[in-house]
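Peer 1: Quick mapping for you: the protein sequence lines, in order, are chains U and R.
According to our numbering, the first sequence is numbered sequentially starting from 1.
According to our numbering, the second sequence is numbered sequentially starting from 1.
Treat the hints loosely; a few may be bogus.
Unchecked claim - Computed beta-carbon distance windows for the label pairs:
{"no.": "1", "chain 1": "R", "residue 1": "S169", "chain 2": "U", "residue 2": "E204", "range": "51 to 61 Å"}
{"no.": "2", "chain 1": "U", "residue 1": "P106", "chain 2": "R", "residue 2": "P195", "range": "55 to 65 Å"}
{"no.": "3", "chain 1": "R", "residue 1": "A165", "chain 2": "U", "residue 2": "Q109", "range": "52 to 62 Å"}
{"no.": "4", "chain 1": "U", "residue 1": "E140", "chain 2": "R", "residue 2": "A194", "range": "24 to 34 Å"}
These aren't lab readings, by the way, just hints derived from the structure by calculation.
We put the CB at the ideal spot given by N, CA and C, even for glycine.
Each chain, letter by letter, is given below.
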Amino acid sequence: MAGFFTNKGFQPKRQSSHPLPPGQYETTDFPVLTAGPTPRITLSQWEFRLEGLVAEPVKWSWAEFNQLPMQDFNPDIHCVTKWSKFDTHWRGVSVDTLLEHVRLKPEAQFVTEFSYGGYTTNVPLADLRGGRAFVGVQFEGQPLAAEHGGPARLVVPHLYFWKSAKWVQGLRFTAADEPGFWERGGYSMYGDPWKEQRYRDDDEPAASRL
Amino acid sequence: MSRITWQQATVTGIKAETSHVKTFTLRLPQFTPHLAGQHYDLRLTAEDGYQAERSYSIASPPEQTGEIELTVEIITDGEVSGYLNEGVGIGDQLEVRGPIGGYFVWAGAANAPPLLLVGGGSGVVPLMAMLRHRRGVGLRTPAALLFSVRTAEDVIYRAELEALARADSTFTLLLDYTRQAPPGWAGYQRRLDAPMLAEVVAHFGPAQPQVFACGPTGFVEAAANGLLAAGLPPELILTERFGPTTG
Ligand SMILES: Cc1cc2nc3c(=O)[nH]c(=O)nc-3n(C[C@H](O)[C@H](O)[C@H](O)COP(=O)(O)OP(=O)(O)OC[C@H]3O[C@@H](n4cnc5c(N)ncnc54)[C@H](O)[C@@H]3O)c2cc1C
Chain U
1 MAGFFTNKGF QPKRQSSHPL PPGQYETTDF PVLTAGPTPR ITLSQWEFRL EGLVAEPVKW
61 SWAEFNQLPM QDFNPDIHCV TKWSKFDTHW RGVSVDTLLE HVRLKPEAQF VTEFSYGGYT
121 TNVPLADLRG GRAFVGVQFE GQPLAAEHGG PARLVVPHLY FWKSAKWVQG LRFTAADEPG
181 FWERGGYSMY GDPWKEQRYR DDDEPAASRL
Chain R
1 MSRITWQQAT VTGIKAETSH VKTFTLRLPQ FTPHLAGQHY DLRLTAEDGY QAERSYSIAS
61 PPEQTGEIEL TVEIITDGEV SGYLNEGVGI GDQLEVRGPI GGYFVWAGAA NAPPLLLVGG
121 GSGVVPLMAM LRHRRGVGLR TPAALLFSVR TAEDVIYRAE LEALARADST FTLLLDYTRQ
181 APPGWAGYQR RLDAPMLAEV VAHFGPAQPQ VFACGPTGFV EAAANGLLAA GLPPELILTE
241 RFGPTTG
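Pulled out of the complex, with its shape left as it was, chain U reads as follows (with noise of 0.2 Å):
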């Protein structure tokens, strides 16, 4: 690879035996990043929405929502601030599952995930079916903490971290693709570790992608 930059005696010191997205390094550490305090939610006022463009909205209480089929799903997680964290275990509901519940209007293209605090994070709806996508309640045999977005997030792992939503209170469906919190300050609307869609200059124009 001729006349490409590199740094003089610039040697890798981090190993992984698994397949890395450009630009990342694997850590074994669960790093918690977040923009504010850490939210606190009690089980007896969570709740978890479907809302936006749909016949009808529907909501599940804490209890409800256990009801739902759980499953077990084992992602790798590509956080934009550069680790990768492979071979996670959670157990949650599929948004396939979530999805069997309400009637989407066939607008609806995108999806915006909210979140107490105010977070929001946007999504193609077609990256949350198919089995890429869950709502967690546990990590690693237990309730999945606080600090990491407990009660419960939204885990999408092939798109970068950013995008599984902490403290997830629900799914809003919407036609057009409206940026979220990060994506509003400059990070990418799609996020694809792999293309290394880190920030909004890096997202290809909105017709390759389709």
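With chain U's structure known, arrange chain R with the ligand on it following the hints.
Peer 2: Chain R with the ligand alone, transformed into the frame defined by chain U:
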């Protein structure tokens, strides 16, 4: 060229801040004015094409144009900080892109609320950019920095912070030594806790400060929880966590 593509910066200065913290001055072919609190990504490439990327907060204020300063804590065995420490000299080139981040920033409006900065270790870096900006534009927004360090040797930017505290009666420097305080020290010498934060917040009187807290994860978690306990509303508390979970 779009705003945050990679560029090759030239190292024009290296300054030891403490025995394991260094500031690198980078001259940028494409300087974009930043906001105090933003960061740059830095990328290293090995001969075989292997790349490592890390984020570093900008230490210099927006008033310092054409170049940026990054202050890096050298982690033993750290892949990127280790190379910056051992492999980089004046005149070398480093690939960076930025400025990045639109949230943990202090724009410094004249009518802004008082500023409470809470830093642990290298978490002081973006906070220093805010203080330098505040001084650079001549704002007298009441400000305090609660800076938690292990020992006296670990006070990054010590001379500048002490000079600022002497010259500006609206700025208060509060050092907190968690491992060993210097002889005769009458200030804080314990890990940050809720009573300490309540005391620091009370320092501003009835006005509620805007808080920026930055440092290792455990530190920021303790700071944010303590500030909530002290009665500050969550929307006044902005946090940036770097480093591992055990901090
Ligand atoms: C937005 C943002 C801004 C940042 N700004 C700064 C800054 O201004 N100055 C600065 O020095 N760092 C900053 N960091 C941290 C920086 O990006 C790197 O994580 C750090 O330099 C370590 O990288 P490394 O390659 O040297 O070590 P690595 O090879 O990644 O790690 C070596 C070992 O050190 C541990 N480790 C990693 N980071 C830290 C840490 N911060 N403290 C203690 N142990 C650690 C790892 O878990 C690992 O075991 C920032 C991080 C973020 C996300």
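Peer 1: Work down the list of hints and note, for each, if the structure agrees.
Peer 2: Taking the hints in turn, this is what the structure says about them:
| no. | hint | result |
| --- | --- | --- |
| 1 | S169(R) with E204(U): 51 to 61 Å | holds (53 Å) |
| 2 | P106(U) with P195(R): 55 to 65 Å | holds (57 Å) |
| 3 | A165(R) with Q109(U): 52 to 62 Å | holds (55 Å) |
| 4 | E140(U) with A194(R): 24 to 34 Å | holds (29 Å) |
Going down the numbered hints, you'll see the structure goes against none, and every one checks out.
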